[in-house]
Amino acid sequence: MIKIEYVTQRLSLRFFMLMLVLFAFQVAFGLVIATQHVDPTLLSGVANFNILRAEHTNLGILWILAGFIGTILFVGPLLSHRELAATGLIKFLFWALLAVTIWNVCTQALAAEGIAGWWAGQPWLQEGLEYLEAGRVADIIIFVGFAILAYIVLRTFPPRREWNEIHWGLAIGVVALTFVWLFGVFFVERLDLQEYFRWYVVHYWVEGVWEVIHISLVGFLLVLMFKADIKAVGYAVFWGVAMVWLSGLIGNAHHYFWIGTPEFWQFWGSLFSALEPLPLVFCFWHIYLDAHQDRKPLENAPAFYFILGSVVLEQVGAGILGFTMTFALTNVWSHGTWVTPSHAHLALFGTFGMLGIAAAYYAVPLLRGVKHFDQRLGRIAFWLVFTGMLGIAFGFAIGGTIQVFLYRSMGLSWFGGEIFPAMQFYKILVPVFGLVFTTGAGLLIYDLLTIGYRSRQAPVEEPVRAAQPVRGRWSAQLRGVEAGLWLMGMWIFGAIITLGLLSFNLETVAKGDPTIPYVLGGIGYPGLLLITLLFVWRFLASLEARPAPVVSTEPGMVAPAVGQAT
3 MIKIEYVTQR
13 LSLRFFMLML
23 VLFAFQVAFG
33 LVIATQHVDP
43 TLLSGVANFN
53 ILRAEHTNLG
63 ILWILAGFIG
73 TILFVGPLLS
83 HRELAATGLI
93 KFLFWALLAV
103 TIWNVCTQAL
113 AAEGIAGWWA
123 GQPWLQEGLE
133 YLEAGRVADI
143 IIFVGFAILA
153 YIVLRTFPPR
163 REWNEIHWGL
173 AIGVVALTFV
183 WLFGVFFVER
193 LDLQEYFRWY
203 VVHYWVEGVW
213 EVIHISLVGF
223 LLVLMFKADI
233 KAVGYAVFWG
243 VAMVWLSGLI
253 GNAHHYFWIG
263 TPEFWQFWGS
273 LFSALEPLPL
283 VFCFWHIYLD
293 AHQDRKPLEN
303 APAFYFILGS
313 VVLEQVGAGI
323 LGFTMTFALT
333 NVWSHGTWVT
343 PSHAHLALFG
353 TFGMLGIAAA
363 YYAVPLLRGV
373 KHFDQRLGRI
383 AFWLVFTGML
393 GIAFGFAIGG
403 TIQVFLYRSM
413 GLSWFGGEIF
423 PAMQFYKILV
433 PVFGLVFTTG
443 AGLLIYDLLT
453 IGYRSRQAPV
463 EEPVRAAQPV
473 RGRWSAQLRG
483 VEAGLWLMGM
493 WIFGAIITLG
503 LLSFNLETVA
513 KGDPTIPYVL
523 GGIGYPGLLL
533 ITLLFVWRFL
543 ASLEARPAPV
553 VSTEPGMVAP
563 AVGQAT
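Each residue of the sequence shown is one higher than the last, beginning at 3 in our numbering.
You may find that some hints are simply not true.
Result set (DSSO-like, lysine-lysine): computed pairs, CA atoms no more than 27 Å apart in a straight line [stated by the list, open to error]:
| id | residue 1 | residue 2 |
| --- | --- | --- |
| 1 | Lys373 | Lys298 |
| 2 | Lys233 | Lys298 |
| 3 | Lys229 | Lys298 |
| 4 | Lys229 | Lys373 |
With beta-carbon atoms standing in for the labels, derived distance ranges [what the hints assert, rightly or not]:
| id | residue 1 | residue 2 | range |
| --- | --- | --- | --- |
| 5 | Leu248 | Arg163 | 37 to 47 Å |
| 6 | Pro528 | Lys93 | 24 to 34 Å |
| 7 | Arg157 | Ser415 | 28 to 38 Å |
| 8 | Thr43 | Lys93 | 41 to 51 Å |
No lab work stands behind these hints, which were simulated from the structure alone.
For clarity, every value in this text was computed on a predicted model and none was experimentally measured.
No residue lacks a Cβ here, since even glycine has one placed at the ideal position from N, Cα and C.
Let's have the full structure, built from the sequences with the hints guiding it.
See the structure below:
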């Protein structure tokens, strides 16, 4: 069993705790703005929707970054077989991230007053660009923080001749994290050119660089959890990183539709964006192989639940739903509507947020020296946030389909009262599923904050017989052919969604008949989200049915997971 042998790994714990606190605030903001969709007068003049939405979006990025940093600091010594370098800089990085967060929250309200803090041609306090609202002061601090992270990682790693593919993936990731951010650290007066560079950050940084870090961290966590062959995992990481960069660099052009770039970018951007799901499929398939090859028992269930959720929602949110709105002929309808946040929520929280939570569930018990912890809360929390997020995506997607027809095809006025009532049911669905998600988020935050404290107070029983695996067809071994069929089913529903968006180009729809897009959307979105839920249930049931490790007599108490402290 892996033990905590490196003192500096404990520095990662403060980043995981910060991640949980920021996650709690982000969820709270999200629930408020979801309710404001139903009642726009809620908190009007006190906490307006546009400000709260910016807070919600920015906190989402910041807590995910905190989780990434915590995970990198945790796995760095295990990869390098040495303590982390420059511990003083790590402590500074924590306080810098906290300062940027407070600055970002406090300066969002300046947008409502039209205060940007202009000096020397730059907005130093607040700049109002979506995802990049923070002013130049915060941008510079963030850049310094990323440079520090890159320095720590490269100094901690062994000499380059000893690197494997995971070393290279993380090294490329943290260096690119710093470099690509530079495109957001200047202001251009021309809006089209500013948008051009903004999408460099939003796409290359989030959908490119973060993907590289995600693939590398998922690979190494599988090595730790299942004792997977690091060479095989390294092979998967290499091809995943290569395909992310190959497809992502040119694929960024699918964002250029709105900023007046030459027409040829529409073809090349759409083509290479269509290739972007390939590394996601590759990542998904490798987690299947690592988890099922040796039929080892699932010992740390919450950690693996969230890793699986991360990879599957990466496939569904970033891959399939990203694919459906990539082409100019679909993007012209979906851009700026509720269809987009359906993709964004599943992609951002699902892919990157769930990975940080998974890493926390693996690392926190280790860092607190916990032998036994009750895994029931983690399991329940996973299903609540997973189901809640799928429901939120459903509300956005179907509501967005109605919005596209009435607003874009029919040209009806939002303020005239025609669109709002038509979307009202789906506006209600978002906060309803948001409550489900919030309940799960509250459970996992409580669970992770108190792991170690609760278990120390509870008496530990002597080990008894191993738990018996659950029997049944649903929990039978998941074989590759069946997994492939589930994946194919997801993409079939994705194709139906794509056809539904393309159908808005039909003359019959333009004349006022929404039957085709409504039917295709009504089949595609529920089908995709339901098959995703069932597949994850099937995948986890097959793992839970394996011979379980020795457990205590107290329900929910299990032996230490692979890599837990003894």
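Hint check results:
1. Taking the CA atoms of Lys373 and Lys298, the gap is near 19 Å; set against the 27 Å cutoff, the hint holds.
2. At most 27 Å may separate the alpha-carbon atoms for a hinted pair to count; Lys233 and Lys298 meet this at roughly 19 Å.
3. As the CA atoms of Lys229 and Lys298 are separated by approximately 9 Å, the hinted pair is consistent with the 27 Å bound.
4. Taking the CA atoms of Lys229 and Lys373, the gap is about 19 Å. The hint holds against a cut of 27 Å.
5. Range check, Leu248 to Arg163: Cβ separation about 26 Å, and the 37 to 47 Å hint is violated.
6. Between Pro528 and Lys93 the C-beta distance comes to about 48 Å, which lies outside the given range of 24 to 34 Å.
7. In this structure, Arg157 and Ser415 break the distance hint of 28 to 38 Å, their C-beta atoms being roughly 59 Å apart.
8. Remark: the range hint 41 to 51 Å for Thr43 to Lys93 is upheld by a beta-carbon distance near 45 Å.
Checked against the numbered hints above, the structure violates hints 5, 6, 7; every other hint is satisfied.
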